[in-house]
Amino acid sequence: MNNIEVKDLSKKYVGFSLDKISFNVPSGMVVGLIGENGAGKTTTIKAILNIINSEGTVKIFGKESKTYEKEIKKDLGVVLDDSFLSTYLTPKHINLVMKDFYQTWDEDKYNGLLKQFGLPADKLVKDFSSGMKMKLKIAVAISHNPKLLILDEPTSGLDPVVRSEILDIFRKYIEEDESRSILLSTHITTDLEHISDYIVFIDKGKMVLNVPTLELLEDYGVAKCTKEEFSKINEKDYVSYKKGKYQYEVLINDKNSFKKKYGITSIDKPSIDDIMLFYIKGER
Amino acid sequence: MIKGLLKKDLYNLASYKTSLIIVVLFCGIAIIGTDAIYWGSIIIGMIVGMISLSTFSYDDMAKSNRYILTLPVTRKEIVLEKYILAIGATILGSLLGFILTLLIGNIMNYVRPDNVIDINIDTLLATTVGGFFGVSFIQAIQIPSIFKWGAEKGRIQMFIVLLFLVLIGTGVGFLIRESGFTIDIAKLESVLKNFGLAFLIILSLIMYFISYKVSYKIYKNKEE
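One line per chain: the protein sequences are A and B, in this order.
Under the working numbering, the first sequence is numbered contiguously, ending at residue 313.
Under the working numbering, the second sequence is numbered contiguously, ending at residue 244.
By construction, these hints were calculated from the structure, which means they are not laboratory data.
Take these hints with a grain of salt, some might be off.
The list that follows gives simulated cross-link-like pairs (lysine to aspartate or glutamate, DMTMM-like), each with its CA atoms no further than 25 Å apart [stated by the list, open to error]:
{"hint": "1", "chain 1": "B", "residue 1": "K23", "chain 2": "A", "residue 2": "E100"}
{"hint": "2", "chain 1": "B", "residue 1": "K37", "chain 2": "A", "residue 2": "D151"}
{"hint": "3", "chain 1": "A", "residue 1": "K49", "chain 2": "B", "residue 2": "E243"}
{"hint": "4", "chain 1": "B", "residue 1": "K23", "chain 2": "A", "residue 2": "D129"}
{"hint": "5", "chain 1": "A", "residue 1": "K235", "chain 2": "A", "residue 2": "D48"}
{"hint": "6", "chain 1": "A", "residue 1": "K99", "chain 2": "B", "residue 2": "D138"}
{"hint": "7", "chain 1": "B", "residue 1": "K240", "chain 2": "A", "residue 2": "D135"}
{"hint": "8", "chain 1": "A", "residue 1": "K271", "chain 2": "A", "residue 2": "E222"}
{"hint": "9", "chain 1": "B", "residue 1": "K242", "chain 2": "A", "residue 2": "E100"}
{"hint": "10", "chain 1": "B", "residue 1": "K168", "chain 2": "A", "residue 2": "E84"}
{"hint": "11", "chain 1": "A", "residue 1": "K103", "chain 2": "B", "residue 2": "E243"}
{"hint": "12", "chain 1": "B", "residue 1": "K237", "chain 2": "A", "residue 2": "E100"}
{"hint": "13", "chain 1": "A", "residue 1": "K290", "chain 2": "A", "residue 2": "D303"}
{"hint": "14", "chain 1": "B", "residue 1": "K96", "chain 2": "A", "residue 2": "D248"}
{"hint": "15", "chain 1": "B", "residue 1": "K23", "chain 2": "A", "residue 2": "D48"}
{"hint": "16", "chain 1": "B", "residue 1": "K242", "chain 2": "B", "residue 2": "D138"}
{"hint": "17", "chain 1": "B", "residue 1": "K27", "chain 2": "A", "residue 2": "D111"}
{"hint": "18", "chain 1": "B", "residue 1": "K27", "chain 2": "A", "residue 2": "D135"}
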C-alpha cells in the first residue's frame with residue numbers, strides 16, 4: 030500500500046514550472062526528494078499539502094487529497110523549513126495549542142521528546158537556535174503519532190551532530206510502526222544514503238530519477254577511461270560524462286554489465302551527490 | 021480546531037499584555053479626566069479592538085499560515101477564527117471603554133470635587149456603540165485587505181480603500197443635495213434616538229458578515 034501517490038503533478042510559475050511529477054511513497058518506506066536549491070522540491074511538497082494550487086492528482090492514504098484534506102491531515106506530521114506556528118510561543122504553549130488540533134495528541138510523548146532533545150519548555154521559540162527550532166518542529170510533528178511524515182529540508186543549516194540525532198529520530202519513528210512512511214526533501218544527500226529506501230530526483234521542475242536507494246548506490250558507477258576507451262562506449266550504456274584533462278569520467282547505471290561489455294575495471298562507487306552532479310552538470 | 025487557532029493568537033497577544041495595560045490606563049487617565057471624557061470609551065475600544073489585527077503580523081513573522089495549512093483545519097475555519105477574534109476584541113474593548121470611563125470619571129470627580137464632570141450614561145452608551153461601529157467599519161475593510169495583501173501591505177491598501185469609500189460617500193452626499201432630495205431631519209433624529217444604537221450594532225454585524233464572505237473568497241485560493 031502506498032501512503033502517498035503523486036501523479037502528473039504540475040505547477041506553473043513565471044520562469045519556473047513543475048512538470049508532471051509522479052512518484053509513490055510506500056508504507057514502511059522513507060522516500061528522499063532530492064535536487065538543487067530551486068529545483069522544485071518545496072513546490073512539490075506544497076502542492077502535495079494543498080498549500081498551493083496545482084494540477085495532477087495526489088492521493089494520501091488512498092484518498093484524494095483535495096476532497097479529504099482535513100481527514101488526511103489528522104494523520105499527517107509536517108515539518109516546513111521556514112514556517113512554524115509562531116515564534117512568540119513557548120513549547121508549553123505549543124502543547125496547549127496542539128491538543129486542540131489533534132485528538133490523538135500525546136502530551137507525555139511531547140514532553141518526553143522535549144526532555145530528550147534538551148528543549149526548555151518555558152523559553153520563547155524565537156530565542157531558540159536553528160537546531161533547537163528544528164528539534165521542536167520534529168517533536169511537534171511526531172507527537173500525535175501520525176501515519177505519515179512530510180519533511181521539507183529538516184536537516185538544512187544544522188551541524189553534523191544534530192543532523193545525526195534527527196536522522197535517528199526518523200529511523201526510530203519508522204521502526205515503531207511499519208505502516209508509517211516519511212517523505213523527506215533535502216539537498217544534503219549524504220543524509221539519505223543512511224536512511225532512505227527510494228530516491229526521487231528533481232531537476233529544473235522535471236523528475237529525473239525515481240529509484241530504490243540501494244540500486245542507486247550498488248548499480249551506479251563512475252567509470253574512468255581514456256578518450257579512446259570512451260569513444261567505443263555506446264551512448265545507451267551511460268547516463269552522462271565529464272571530460273577531464275587526462276581522462277573521461279562516465280556515469281553508468283549498470284556497472285556489472287558495463288564491466289563485462291567494455292572490460293573497463295576502474296569504476297568508482299559514486300555518492301548520491303556525485304550522481305546528482307553528473308545528471309545536472311554532465312554532458313551527453 | 022478554531023479553539024487551537026484562537027489559543028495561538030491569544031498567546032501571541034499575551035506577549036505584549038503589559039504594554040497594552042499601560043496604554044489603556046494612560047489613555048483612560050489622560051482623556052477621561054478631561055471634558056472630552058466620552059472619547060475615552062471610543063479610544064479604549066479602538067485600541068483593544070484593533071490590537072487583535074496585530075495577530076496577522078505575528079503570523080507573517082513566523083510564516084505560520086503556511087504551517088497552519090498543514091494542520092487539520094480548513095481555510096474557512098482559519099478565516100472565521102480571525103473574525104471571532106476581531107469581533108470579540110472589539111466587544112471587549114467597548115465594554116472595557118464603557119466601564120473604565122465610568123470608573124475613572126467617578127474616581128476623578130471624587131479626587132477633584134471642585135471640577136466635577138457630569139457623566140451621562142445615555143451619551144456614554146451612544147459614544148461607546150458609535151466607537152464599536154467605527155472599529156467594525158475599519159476592521160471589515162482591513163481584514164480582507166490583509167488576507168489579500170498581507171499584514172504590512174494590507175494596511176496601506178486599507179487606507180486607499182478607505183479613501184475611496186470616503187470619496188464615494190462624499191460624492192453620493194453631494195449628488196443627493198444637488199438633486200434637491202430633502203431629508204426630514206426631525207424624523208431622522210427621532211428614528212436614530214429610538215433605534216439608532218440597535219441599528220448601528222446590526223449594521224456592524226452585517227459589515228462583518230460581508231467582510232467575512234469577501235475574506236473567505238480571497239483566502240480560498242490563496243497560495244502561501
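Are any of the numbered hints broken by this structure? If so, which, sorted upward?
6, 7, 14, 15, 16
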